[in-house]
Structures are given as C-alpha cells and as structure tokens.
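Model the full structure from these sequences, guided by the hints.
Protein chains in written order, with this note's numbering: chain Y, 1 to 323; chain P, 1 to 323.
Read the hints as simulated data drawn from the structure, not as lab findings. Be aware that one or more of the hints could be misleading.
[As the list claims (entries may be wrong)] Simulated pairs of lysine to any residue, SDA-like, Cα-Cα distance not exceeding 20 Å: (1) Lys233/P to Asp93/Y; (2) Lys233/Y to Leu38/P; (3) Lys169/P to Pro155/Y; (4) Lys265/Y to Gly203/Y; (5) Lys233/Y to Asp93/P; (6) Lys284/P to Leu204/P; (7) Lys265/P to Cys39/Y; (8) Lys233/Y to Glu273/Y; (9) Lys265/P to Ser37/Y; (10) Lys169/P to Arg145/Y; (11) Lys169/P to Val144/Y; (12) Lys265/P to Asp34/Y; (13) Lys233/Y to Asp34/P; (14) Lys279/Y to Gln238/Y; (15) Lys233/Y to Leu188/Y; (16) Lys169/Y to Gln151/P; (17) Lys233/P to Pro32/Y; (18) Lys279/Y to Asp263/Y; (19) Lys265/Y to Asp34/P; (20) Lys265/P to Leu38/Y; (21) Lys233/Y to Pro32/P; (22) Lys169/Y to His146/P; (23) Lys233/Y to Gly30/P; (24) Lys169/P to Arg147/Y.
2 protein chains.
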Amino acid sequence: MRPPTSAPDIVFWAEKCESKPVEKPLTFTGNPLDRASLCRANPAFMAGLLANGRMVPFWRQAPLVVAGRAGFLPFAQCEELGDGPCVLLGVLDGVGHFALDISSEETPPAGLGEFLEMRAAALILPPADAAMLGQAKALLDWHVRHRFCAQCGTPTDIADIGHRRVCPKCSAEHFPRTDPVVIMLPVLGDACLVGRNRRFPDGLYSAFAGFVEAGESLEDAVRRELSEEAGIKVGAIQYHASQPWPFPSSLMIGCYAQAVSRDFKVDGEEILEARWLAKDDVRKRLAGEMEDGIRLPAPIAIAHRLIRDWATQARLPFVREAD
Amino acid sequence: MRPPTSAPDIVFWAEKCESKPVEKPLTFTGNPLDRASLCRANPAFMAGLLANGRMVPFWRQAPLVVAGRAGFLPFAQCEELGDGPCVLLGVLDGVGHFALDISSEETPPAGLGEFLEMRAAALILPPADAAMLGQAKALLDWHVRHRFCAQCGTPTDIADIGHRRVCPKCSAEHFPRTDPVVIMLPVLGDACLVGRNRRFPDGLYSAFAGFVEAGESLEDAVRRELSEEAGIKVGAIQYHASQPWPFPSSLMIGCYAQAVSRDFKVDGEEILEARWLAKDDVRKRLAGEMEDGIRLPAPIAIAHRLIRDWATQARLPFVREAD
Chain Y
1 MRPPTSAPDI VFWAEKCESK PVEKPLTFTG NPLDRASLCR ANPAFMAGLL
51 ANGRMVPFWR QAPLVVAGRA GFLPFAQCEE LGDGPCVLLG VLDGVGHFAL
101 DISSEETPPA GLGEFLEMRA AALILPPADA AMLGQAKALL DWHVRHRFCA
151 QCGTPTDIAD IGHRRVCPKC SAEHFPRTDP VVIMLPVLGD ACLVGRNRRF
201 PDGLYSAFAG FVEAGESLED AVRRELSEEA GIKVGAIQYH ASQPWPFPSS
251 LMIGCYAQAV SRDFKVDGEE ILEARWLAKD DVRKRLAGEM EDGIRLPAPI
301 AIAHRLIRDW ATQARLPFVR EAD
Chain P
1 MRPPTSAPDI VFWAEKCESK PVEKPLTFTG NPLDRASLCR ANPAFMAGLL
51 ANGRMVPFWR QAPLVVAGRA GFLPFAQCEE LGDGPCVLLG VLDGVGHFAL
101 DISSEETPPA GLGEFLEMRA AALILPPADA AMLGQAKALL DWHVRHRFCA
151 QCGTPTDIAD IGHRRVCPKC SAEHFPRTDP VVIMLPVLGD ACLVGRNRRF
201 PDGLYSAFAG FVEAGESLED AVRRELSEEA GIKVGAIQYH ASQPWPFPSS
251 LMIGCYAQAV SRDFKVDGEE ILEARWLAKD DVRKRLAGEM EDGIRLPAPI
301 AIAHRLIRDW ATQARLPFVR EAD
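See the structure below:
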C-alpha cells in the first residue's frame, strides 16, 4: 500500500475511511445527523425544523426504544410527555431530530415503548441510533447538572436549542462539557498488560484509563496514568481510536504504549492486579476458547477494540515507517 | 525500521520517545512535575510539601517571571501576597510546587519580577517552566470561573489542594475542566489547505479548528468542522500530536485529513478565506524566504507544528503500512 500521492490512492484513502470496510465502527461513533451547529442560533431555521421534527424522550437518563430502534416520535405525540429541556441533535434528510427530558414525571409514560438504560440500549440498537442517543444523553445530562452559573450561582437560561446556557446576571456563557480520558494498552513484544480495577467485576481485566488533567498533553497523561496506576515506564505512544462515552460526558482516547520492560507495580488503590497476556491467549479468549476465569472487556468498550485490534492485526501498534 | 519485536528495537522506541531527539517539544507539554495525584487528599503528605514548598504567584492570569524563569518563591515570601486559591502543581526533587492567585490585589506587587501575559511568558521561558505555568494558569482560572455549584448554585469549597471543588449543600463534586479541540490540516498530494479566521490578524492563515461536541469521536469532529468551516470532504484522518492550551482550558488535538478533492467553500462566518499552499512554498515561508503577505502560525501553536512537520517530513501524514 502506497501513500496517497496519485488520484487512485486518494480515492482509496477516502473510501477506506468513509465506508469503514474492515472495522465495525466503535459504539456511539458515526452519528449520521448534520449537527447544524452554525444554524442553532437562527430562529427561522429552528422554527422550520420544529414544525416537522421528531423527538426522542429520555426518562431519568433512559432513552425510549421502540422495536429495537431509537424512539423518535412526532412532536405532537411529545407535547404532554414532560417539560424538561429540549435539545436539537441535528438534521437528517431535512428532518430535525430532538431529545426531550421527561424526568420530572413520576413514572415513565406507558404505551410508547421501553425506556432502557443507555448501555443496554446501545447493545441492541443499530450503530447510528446508538450514536444519536449517546449524543442526546450527554446533552440532557449536562443540563441536569449545570442549571446554575458556576461563576456567580444564578440559574441560567438555555440558548441555541440546548447547546449553550447563558447567565442572566453576569452574562457568562456555558457550553456542554466533554471530559477527555486516555485509555491505553501497554505492549511489549507479543504481550500486553491488562489491569483489574477495584470497581470491576471479578475476573475482568482491561486497559488502563484516566482523565486528562489540566495542562497535560495526551501523551503526558498516558505516561502519568501508567506510572501511577501500574508503575510501568513506557516509550513510544501511538494513538489508535476515540469514542464518545456518555457516562456522563467522557471522550475516550485510545492509545498503545510501548513498555520498556515487563516490570510493573500496581497502585493497590485503583488497580488491584495486573498481568501480561500473550497475544495467542488473547485471541483464544476473544474466541471463547479459553476458560480460566479471566475476562476481557465487552465489545461496546474501546478497551475491547484496543485489545482485539492489537491481537488480530499484525501491523499494530507500531506501523513500520516508509523507508 | 522494523516493528519493536526484539529487545534492540524496543530500546529504540523507548529512546525515541523519552529523549525526543528530533523534535522540540510542543509548548506547554513535558511538564517535569510529578503531579502526585494519588496523594492530594493525604493531609500528612501535603503538610510535608507545604513546609518546604515553592509557590508561583499569578496576578490576573499573568504569572510571575524572574530572570527568564518561572517565579517560584519560598512560601514565607508569599504569605502576604494575597489570599486567592492555592493549588498544588506537583513535586520535583522532593519539593512541592504550588501556584497562588493574588488577583484580589489592586496592583501587582512590586520588586519581585515581572507579571507577564501567559503567551508572552511562554515565548521566553524554558519549556519545562512554560509547562508548569500553563498547568497553573488552567487550574487557577478554573477556580475563578467555577466558585459556585453548577448543580444547585451554592458556593463550593476547595478540596485536594485545588484539584476538586465540593458543594456543601448537595455534595456534588466538581473537577477542573479540559475542553478537547480538534485542529486539522487538510492535505492533498503536495498541497495543504489553510484558512483565515475572522479573528486572525491580516494575512495569517492556519489550520482549521473547533471544539469537540457532546457525543462526538475525534474523527467525527474533524469531519464536521471541516465540512462546516471549509466545505471540504475528507477521507482518512491521522492523529499527529496534542498540546494543552490554557486559554482558558483547551486540549488541542492535531490531525491530518486526507482531502478527496481541491474543492472547498468557506463558511464566510468564522472562516473568511482559504487557500491551497504548495509544500515547497510552505518551506520557503517557514524559512522566511517568501514575502507575499501570507503569514503562517507562530511556533508556539500546534498549527505551526502540523504545517511544518507536513512540509518537512516526507513520511507525513500517511505513513506507509508494512507489507
């Protein structure tokens, strides 16, 4: 495969990415909506969208699911469901897609479908539906937890169809929060290091993760977290993939980290145990052919992708450079 | 160059990254402090650090600079400077490094050194000092803008030496905010597309950038921003580097994007103009050998790195994969 210096190569690179022919997209990615972010402050545009829009209700962070699809309903059907914040998700085929928080109702309304916990919903929904509802969950949850101005304590007003809040007293603007998290798999030769977090169910081992702190690059954060949690020193770091994770508002940024030796020492606080897994054994575990009490993360998580891609793609993590 | 499957290769990868032999680190990266994040809630540990710590004062977001270095002072010297939030930055050689907000003073205290605007300071400081002060600015500025609970409006208390705020009424915890921003250079063959933002000085062209929105992967955000701002469709996207940018709390995530054609259409709102630049001409401009009124971003910005690395490193952006 050659770098894209001629027209056919360019088309290849485009196709490779547009259609994602090899890999199933990560859960919550690939939202098909045009977010129309330049039009959110345009009342005429919004009035047009609202006139024939569709809206998915959320009851206490659980989206409506109808027959295995995101439960987008005609506006008229939503009018009496609740009075929580309503946010624009985006536009698809000219139709505005919105989400409505109906958490103030004592019980979820009956007869519409099921209100499913978001992870459970993501497991059964088509990827595009999961992505739209993940966006909705992150936005609605942000409103619940950010009704007051962090600068002066005054209740704020919703603007831009749910994408901004403005303080009527001090005029501070507040935008939905996205928290970058690095998640990384240390690798050395044919082995990768996985850890067991205190909060994990018994037997589950996964990649290491932590929030990026103020003033850190992604690479600085990867090194710090691996040093703190696993006591392991790493050399090269390679970005692999990213995934929005709306619990409540994380952006998972997946990386490989080149371990300089097999030495490690878990912190005993957040990470209770860690172990090196051989690539062959990881493949067997992923295929369900190895039953020894050790479990790896489920496909919904980017940790699964980091581990699986490393175990099954010979070229990862460190692609050979051109000569 | 081969993938790291044998010991010598592993050492190479480690050295390559640890020592960064080729590239000057990005401004604000490479903070030498151990952030001691697992010890922030330990009063005995903190008392020890405070006893012999050093502290850099900030007056209205401007750090103290003394003789071209970060102005870390002994604690005793800071006692009468101000009573704003004090945050732990980290530990270096056993010495705690802190930052103190003295913005409540009418004028900056005289006789200590200069209080410099952060960008101006970063231009003259050693990289490690700029990184420490960048971290400090992001943290202190977060406290200024987040004194109240966003969930219930009550004034919050500082915890963990400045790394957490807690609401005494509803018990909500609040953590410093980091806003991920994608910044990307569309490339096609031997040309890259740069744009002129409405806020840029005359003649300045740079990479395109925008905040990652709720529920977006980095790749989704790159595609959306390029579509919105430049009307350009891209195929493959490749991560390049990241940079904390404490104005006030951004994390810049730099990528290359494979344009599928030269067609583009700027939005006319945020981006006023765009143009394709040939690689040879970019090299000349960076070397100061081309004076035609077009300027490229300064070395402090990751946009400079994206453009320069693309123009000077033959293997970027799309590394050939191993056969």
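Hint by hint, here is what the structure shows:
| no. | hint | in the structure |
| --- | --- | --- |
| 1 | Lys233/P to Asp93/Y | 18 Å, holds |
| 2 | Lys233/Y to Leu38/P | 17 Å, holds |
| 3 | Lys169/P to Pro155/Y | 16 Å, holds |
| 4 | Lys265/Y to Gly203/Y | 19 Å, holds |
| 5 | Lys233/Y to Asp93/P | 18 Å, holds |
| 6 | Lys284/P to Leu204/P | 16 Å, holds |
| 7 | Lys265/P to Cys39/Y | 17 Å, holds |
| 8 | Lys233/Y to Glu273/Y | 17 Å, holds |
| 9 | Lys265/P to Ser37/Y | 17 Å, holds |
| 10 | Lys169/P to Arg145/Y | 14 Å, holds |
| 11 | Lys169/P to Val144/Y | 16 Å, holds |
| 12 | Lys265/P to Asp34/Y | 17 Å, holds |
| 13 | Lys233/Y to Asp34/P | 14 Å, holds |
| 14 | Lys279/Y to Gln238/Y | 18 Å, holds |
| 15 | Lys233/Y to Leu188/Y | 11 Å, holds |
| 16 | Lys169/Y to Gln151/P | 17 Å, holds |
| 17 | Lys233/P to Pro32/Y | 15 Å, holds |
| 18 | Lys279/Y to Asp263/Y | 18 Å, holds |
| 19 | Lys265/Y to Asp34/P | 17 Å, holds |
| 20 | Lys265/P to Leu38/Y | 15 Å, holds |
| 21 | Lys233/Y to Pro32/P | 15 Å, holds |
| 22 | Lys169/Y to His146/P | 15 Å, holds |
| 23 | Lys233/Y to Gly30/P | 15 Å, holds |
| 24 | Lys169/P to Arg147/Y | 15 Å, holds |
Of the hints listed earlier, there is not a single one the structure fails to meet.
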